[in-house]
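Input sequences plus hints: build the corresponding full structure.
Line by line, the protein sequences are chains A and G. For the first sequence, the UniProt record's numbering gives the first residue as 1, with consecutive numbering after it. For the second sequence, the UniProt record's numbering gives the first residue as 1, with consecutive numbering after it.
Think of the hints as simulated: they come from the structure by calculation, not from any bench. Honestly, I wouldn't trust all of these hints.
Said to hold, decoys possible - For lysine to aspartate or glutamate, the following EDC-like pairs were computed, each having C-alpha atoms within a straight-line distance of at most 16 Å:
1. G:K77 x A:E117
2. G:K77 x A:D118
3. A:K284 x A:E211
To be verified - Pairwise CB distance ranges, derived in the manner of DEER restraints:
4. A:D124 x G:T86: 15 to 25 Å
5. G:V17 x A:R79: 25 to 35 Å
6. A:Q116 x G:V90: 13 to 23 Å
7. A:T105 x G:V9: 16 to 26 Å
Computed from a predicted model, the values in this text were never measured in an experiment. Each residue gets a CB set at the ideal place from its N, CA and C atoms; glycine is no exception.
What follows is the residue order along each chain.
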Amino acid sequence: MDPKDPKDPRDRENPVDRGERPEPHFRRELPAEVPAEQAGADRGATAAESAPDPAASPAPHAPDESGRRRLLSSLWPPRVSRAQLIVAVLLAGLGFGLAIQVASTNDNSALRGARQEDLVRILDELDDRTQRLEDEKQRLEEQRTGLESSSNQAEEARKQTLEKERQLGVLAGTVAAEGPGITVTVEDKKGTVEADMLLDAVQELRAAGAEAIQVNGVRVVANTYLSDASGGGVSVDGNKIKAPYRFRVIGKPEDLAPALNIPGGVVQTLEKEQAVVSVQDEEKVVVDALRPAEEPDYARSSSR
Amino acid sequence: MIAVLGLIVGVVVGLLVRPEVPAVVEPYLPIAVVAALDAVFGGLRAMLDGIFDDKVFVVSFLSNVVVAALIVFLGDKLGVGAQLSTGVVVVLGIRIFSNAAAIRRHVFRA
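Take a look at the structure:
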């Protein structure tokens, strides 16, 4: 089992162990040198036991037997000798060092026992790591700033879009509108008012800056058409309306009313046809007739 | 027996007192402990061989500790402290193993 030669182990291990053991001849001299002063007690159990059995002689079997006996006899019964005391003191020192080393290794992090260059390396690594994390933090903060500003921009764009939708909705007639303006009432007792006269009125109002117009509950927008209806009255976008025709117009009243009342204008033309026209300025005109939003069939927005 | 008691007392005192290791001694303590362990195993083997001598033991114990610490100190000064202490531990470990083998032969005759 043991790769070493069991016959003669000591010769093989001598070179390794030489520092520990005295040379055989030196050891043999010892009893002779100090026979009187420290004969029995000072040399202790080892010397006493080795006396009948010459320890230095390399007899393979005898020392094994006596070595064990020596160990047992030095263990029990306990004897106070100089050798035992000195060894006890040294072993106490060893145990002390062992214990505090184990304790300091256990109760602290790995940094405690680390050497200087290791600590420097660890510090460098930590610095690198800190730098990397700082960089990453900065990058993320920039990203956050960018996202915030872009989300602000998106919000702004959304608001503008909404505002534009409302404005366009007023023009397209898909939302109700209110504001200052005028109301125009055309009484047509004799049935002489025709579609082209109303169209003239609408054109005049538009030219004067009318922003939203409805007549008898029909919203007038860009593609509104007026035509004479059969059996009297006027058809506006296919909705037949009858006199009296009530226009509700949002716009600047100071522009709208004179535009209708100019000499040779709409009012005079209508009055020539025996119609009674009244124009009132209003603080607040509500145009609440709506039109459905229609998707054009052919025209597409060419702006991107 | 007294020696074994001394070892136990040392361990107990070290565990109870838990002294703060001075920073100067700190790198040398583990190596010194290993060196002392080597000396103890050598002494045990010498005792089993019947050639134990307390004076030799004391000198080898102390010189082991001092030389081990010195090597580590020198290694630190030369900038190879880690490698050198590894080397010291390896060498001492080999010695401890060979001494333990001799002790085993004595005790178990195998």
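Results of checking the hints against the structure:
no.	hint	verdict
1	G:K77 x A:E117	holds (11 Å)
2	G:K77 x A:D118	holds (14 Å)
3	A:K284 x A:E211	holds (14 Å)
4	A:D124 x G:T86: 15 to 25 Å	holds (22 Å)
5	G:V17 x A:R79: 25 to 35 Å	holds (29 Å)
6	A:Q116 x G:V90: 13 to 23 Å	holds (22 Å)
7	A:T105 x G:V9: 16 to 26 Å	holds (21 Å)
Checked against the numbered hints above, the structure breaks none of them.
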